[in-house]
Amino acid sequence: MSSNSLPIPDAIDSTKPTSGEAWLLETLHEWVITVDHKKLGIMYIVAGLLFLVLGGLEAVIIRIQLLLPHEQFVSPEVFNRMFTMHGTTMIFFVVMLILFGFGVYLVPLMIGARDMAFPRLNAWGFWMSTFGGILLYFSFVGGDGLYGAGTAPDVGWWAYAPLTSRAFSPGHSTDYWTVALLVSGFGSVAIGVNLVATILSMRCPRMTLARMPLLCWLYLVMAALLLFTITPLTAAQVMLMVDRYLGGHFFDTQAGGSAVLWMHFFWIFGHPEVYVLVLPAFGFVSEIVPVFSRKPIFGYPIMVAATVGIGFISMSVWAHHIFTMGMASYSNAFFVLTTMAIAVPTGIKIFNWLGTMWGGKIRYELPMLFCVAFLFQFLIAGLTGIMLGSAPFNWQLNNSYFVVAHFHYVIVGGILFAILAAFYYWYPKVTGRFLNQTLGLWNFWLLLIGFHLTFDFMHFAGILGMVRRIYTYEPGRGWEFWNVVIGVGTLFQVLGLSFFAFNLVWSYFRGRLAGPDPWDGWTLEWATASPPPEYNFSVLPEVRSARPLWDLKHPEDPDWKYQ
Amino acid sequence: MSTSPATFPATERQWTLPSRSRVGMFCLIAAESAVFVIFLVAYIFYIGKSLTGPTPREVLEIPIFNTVCLLSSSLAIHFAARALQRGKTATFKLFWFLTLALGAIFLFGTGREWHRLIYSAGLTISTNLFGTTYYSLVGLHAFHVLAGLLGLTIVMLLALAAKVTQEHAEHVDVFSLYWHFVDVVWVVVFTTVYVVGR
Amino acid sequence: MSQLSSTLLAVQMSPTNIFAPSSTPADSIFRLSLFVLAVTGAIFVVVFGMLLYAAVKFRSREGDQAEPLQIYGSANLELAWTVLPVLIVMVLFLSSARVIHAIQDARKPDGANEVTVVGHQFWWEYRYSQYGFVTANELHVPVSDQIRPTPTFLTLLSADTDHDFWVPRLAGKTDLIPNHPNRTWIDPYQTGLYLGQCAQYCGTEHAKMLLRVYVDSRADFDHWIKAQQQAAQFNAGMSPEATEGRKVFERTACINCHAVAGTIADGRFGPDLTHLMSRDTLAAGAAPNTRENLRAWIQNPDTIKPGALMPAMNLSDKEFDQITAYLLTLH
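Chains as they are written, first to last, in our numbering: chain A, 1 to 563; chain B, 564 to 761; chain C, 762 to 1092.
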């Protein structure tokens, strides 16, 4: 499938000498001081995958504890730490880090640039983010001092006040949550600044915004969103520290302060945050589906408009997380309206992906398999989101396992599947080798089965009244069966992801060699060697449309004639 | 489905993109604005809600002099940046120093105000909701002034060592955007705390 | 299948099934949810079907290397699939808004029953101000007649962190937030015991802050009220062990947290114990109210509910036996 007709020169052989006495130290040193976006991208992704193992372990502990009513696998204290750490880890240190990694790696390549706008800021952002994660996990030993055997945060990943006040959270476990996220938050804002500046200021000649790959648009909106999303959390966390250590009263209900204020501030961060997570996933799908359907993305302009629309509307829906908090009826109604409204641009995207596949010649390589699963699963996730967006229905469903099922449907069924598609698609570019097909199929099918066993049936536990964040439950409420099925599904997911992890490592050494353009793609990253040389491009193709390589490969039928 | 071929322009416009440092600075300003908005919202939300303790009206004195200093420093940095653009390094150094001095006076004035509030008026960050929100908001701003002063000082020292030339005009201009931002924030904070909230 | 039998089936599946409403708020939500499910179900069938069709129909054929027709978009199609969702959004919004208003802005009728619920870590305090007494953990309300509704309006407060009152068959959930009073209401259609639990993470024993709502007939409810209004009755036939137990109770720290009406015990930090033995469970539903459990609880609450805020009182076995005997007299 690689094209031989493109004038892609071979990379200059700049392999470092790997023999010699200090090659390990030299290699480590090179990676530690690097400001190269490709290396940093890989480092982000590897860090995210390491945290995935930790977050996954926490999930397994949770599911074992909940297999049976009144199970005593772990104590309530430990369980509460597990679900807090699981949520915090997965959102901030797995999905965000992996998505940052892909963005930082791909965006400069796709816009024909040499590196990000601020390479040193890029490195700083990585180290801040990673350090935040390490600090969070240090809480297991440091939270209460070693003599207290250490405690990780146990206040839930939203850390509602006043549970987080000194009165109800003595010791330092909450402080680890606060400071770790504060620190990694600086890293996130740095990435936001860097991505916006890169996309606006570093595009190669003739690549107008209208000719940018959709992935870059999605990362642009995501980065802009980061600037306005993380900062409210940072502000709220500073306020929490003022309360805890300077005697402040921001959330001190005894002094007239408001617990509700924390809820609003947190969700003003928390909702756009989930769009930060999902927009890059949309970006991956928007690149992969066209290539494997052999058609351009259906409706590029409206996809851009929908993306920008989602970015703006996402800042107005936050209180749908707190419909049960007791806002006035007209406030609740307002947030129902905005929440339903955001379904419109999101739905448009699904239709446009469908329109891309329609009339195409779909090749079911692994990236496409994961994308098709994404489409089905994201559709369902969106529909349960609409259910949750209707405030009265929400008054029953909120804080139950229905919500847990919904957001895992988005994050695992949607985002994780899109991330895996991205791995299978771009791994050849990053390493020069394909991921193994057989291992990949085991990965896909095991994960698919496990995902559906766990999260389809989880909806029913919620409908039958099972509350979330409980370390055990009463028998006789009809929840036992669902919890067992959920547990079995977890096993399948762990197996599926284990195949993936193994595939990553195995294929690095033994994968089938891939050339510069293994999938017959159309965007600029395929116009250089695999892996790309440090300077990215020696020759840039002419950019006259959103698919420069299509134009080159099909001079009789180029895009720019029709756009 | 559009199938009509478009004619391609014969001459190309020059390919210019916004300067990345300018874009980066605007992004930083956007992010910082969001932080300030949250502290402002908290301040406004808690106006009149303190259960005890001194009220703004009882203890706050409007900092006219400080404000004039800070806003003048914005003017000074503007002149400094313009001077450097024209290669007038001496004028640049003069106005840069003026910016630094006026900013320092503002910070010093804030410190004196806080000293009076804490020791004479009995208002601390833990006294009541007003105290908490006041010191946090004004403190956040003062922190940003301090950061700006640090940057101003570094550039001042470099300028005195004759390292800052006309080449750096663009960088100095981008830095001045930050300083202007700090000033605009002060206008908002001032209005909220000393005018509306009293 | 009739409405009743399908409800019974649903209840058999689970006593906390949101689709087995037995009170107007829960029922309004149930009806709305059916509508929302119908709309989303229809969307699902159509879009899922089209995705499936496209995924199967447009597979590339073996050996076919030619590229398909490159189509960039269609203004008409894009307009259609923008306008239609907007209409659906309007419909869903309006139907939701109507139910929001009906439930949240419902006027409290004269003669409605009122209870103030105070959430604690990890138990429920119920203050019946209309009748002048306080109880804990088991809420009694009168059944409401369809013709002559006697709803119960609950004022929701919190003494410490955030909690949430959720009894799925009776109403949607509402938070209990310190310094932010909330209000909810129920008008149960049938007598019986309705279950639920705290639905906002509130600390270590969030999982065992269970809810038990006893919907009584009017007569039973009045009877219960009368009994609760009485102070603790100590008759002459009280055993010496129980008498001694009362002395121990009243001279140790018990009275700092607990109240027994008619005695010197008037602590408000823990549940009111005046009519402890009228309750079926202990520790907010964590254990059945039996002699053994009561004895175990007061010796060391962590054996039943690790993390509960009641400390293990370091008394002697004899004193624990005596206190248990005393508590068993509190009917």
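No lab work stands behind these hints, which were simulated from the structure alone.
Errors might be hidden in some of the hints.
[Said to hold, decoys possible] The calculated lysine to any residue pairs, modelled on SDA-like cross-linking and capped at a C-alpha distance of 20 angstroms, are:
(1) A/K553 <-> C/I832
(2) B/K612 <-> A/G247
(3) B/K612 <-> B/A724
(4) A/K561 <-> C/I832
[Unchecked claim] Now the in silico label distances, taken between C-beta atoms and shown as ranges:
(5) C/F805 <-> A/Y508: 37 to 43 angstroms
(6) A/I134 <-> B/H678: 54 to 60 angstroms
(7) B/A710 <-> C/S835: 48 to 54 angstroms
[As the list claims (entries may be wrong)] One side of the interface only, derived from the structure: several residues of chain C facing chain A at Cβ under 7 angstroms:
(8) L812
(9) V844
(10) V860
(11) D1041
(12) P1072
Built from N, CA and C at the ideal position, the CB exists for glycine as well.
Checked hints:
1. A/K553 <-> C/I832: Status holds; Cα separation ~17 angstroms.
2. B/K612 <-> A/G247: Since the Cα atoms of B/K612 and A/G247 sit roughly 17 angstroms apart, the hinted pair holds (cutoff 20 angstroms).
3. B/K612 <-> B/A724: 53 angstroms, violated
4. A/K561 <-> C/I832: Within the cut-off at roughly 13 angstroms; holds.
5. C/F805 <-> A/Y508: 37 to 43 angstroms: 40 angstroms, holds
6. A/I134 <-> B/H678: 54 to 60 angstroms: 40 angstroms, violated
7. B/A710 <-> C/S835: 48 to 54 angstroms: Once the Cβ atoms are compared, 52 angstroms apart, the range 48 to 54 angstroms for C/S835 and B/A710 holds.
8. L812: 6 angstroms, holds
9. V844: Hint on C/V844: violated, closest Cβ of chain A at ~9 angstroms, above 7 angstroms.
10. V860: At about 4 angstroms, which falls below the 7 angstroms cut-off, the nearest Cβ of chain A leaves the hint on C/V860 intact, so it holds.
11. D1041: Check failed: Cβ of C/D1041 comes no nearer than 13 angstroms to chain A, outside 7 angstroms.
12. P1072: 15 angstroms, violated
Violated hints, in rising order: 3, 6, 9, 11 and 12; the structure is consistent with all others.
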